[in-house]
Amino acid sequence: NAGVTQTPKFQVLKTGQSMTLQCAQDMNHEYMSWYRQDPGMGLRLIHYSVGAGITDQGEVPNGYNVSRSTTEDFPLRLLSAAPSQTSVYFCASSTPSQGAYEQYFGPGTRLTVT
Amino acid sequence: AQKITQTQPGMFVQEKEAVTLDCTYDTSDQSYGLFWYKQPSSGEMIFLIYQGSYDEQNATEGRYSLNFQKARKSANLVISASQLGDSAMYFCAMRERMTTDSWGKLQFGAGTQVVVTP
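If you read the sequences in order, they're chains A and B. Per the numbering used here: the first sequence = residues 1 to 114. Per the numbering used here: the second sequence = residues 1001 to 1118.
Keep in mind that a hint or two might mislead.
What the hints assert, rightly or not - Partial list, derived from the structure: chain B residues whose beta carbon lies under 7 Å from chain A:
| no. | residue |
| --- | --- |
| 1 | PHE1012 |
| 2 | GLU1044 |
| 3 | MET1045 |
| 4 | GLY1109 |
| 5 | ALA1110 |
Keep in mind the hints are simulated off the structure, nothing from the lab. Cβ atoms here follow ideal geometry from the backbone N, Cα and C, with glycine treated the same way.
Isolated chain A, as found in the complex (with noise of 0.2 Å):
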């Protein structure tokens, strides 16, 4: 059970370019959601997913696409990267359920766009 995975851990891009970050997780949970964290902001939420094909946007969502064609794999696509996207990403992953159900986060990928 390796939790939920991130790739890749550290990343450089040129502005312009396009890539994407990929996330996954063994534990069939419904919930997937992407954050970017900035210094001084906390975490921001930039997509999330409630199952496979459903999406939707978060707090800061431009420039960033996602989809979710299966319920492990939930990767997020930076159409044409610029230095305000400079920042660590993190993946998320839960279940709906009574009581506490925390999220589950993969390590993180530090993103450096110049």
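Could you slot chain B onto chain A? The hints should help.
Chain B in isolation, oriented as in the chain A frame:
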């Protein structure tokens, strides 16, 4: 509008002492959940404790307890007997219940950096 407010950007605490991290939240819903996460310098997000809005007792998990004051909309984290390994960023978060079967998005505060000194 900011839903989760953590007013302490950073705190120093001596080893073996207790520390309280403040968190206030804003919601008009009656049903919601409050969470605390720890992020050490290694970067991973670690779940610490959960409090449901209908829970009458304050949540506790080992050295962590959540001081839940519903009328004040406050959910402070108390760490007792601090250890050097408690040095980390701590985030308060909230999720509102949308329907019987679904919960809203998890929203985070800006975090409080805790440094435990010997």
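Verification of the supplied hints:
1. Annotation: interface hint on B/PHE1012 violated; nearest CB of chain A at approximately 19 Å, more than 7 Å.
2. At its closest, the beta carbon of B/GLU1044 sits 6 Å from a beta carbon of chain A; the interface hint therefore holds under the 7 Å criterion.
3. For the restraint placing B/MET1045 at the interface with chain A, the shortest Cβ-Cβ distance is roughly 4 Å, inside the 7 Å limit, so the hint holds.
4. A cut of 7 Å between beta carbons decides the hint on B/GLY1109: the least distance to chain A is about 6 Å, and the hint holds.
5. Taking 7 Å as the C-beta contact cut-off toward chain A, the hint placing B/ALA1110 at the interface holds, the least distance being around 4 Å.
The structure is inconsistent with hint 1 alone, although it conforms to all the rest.
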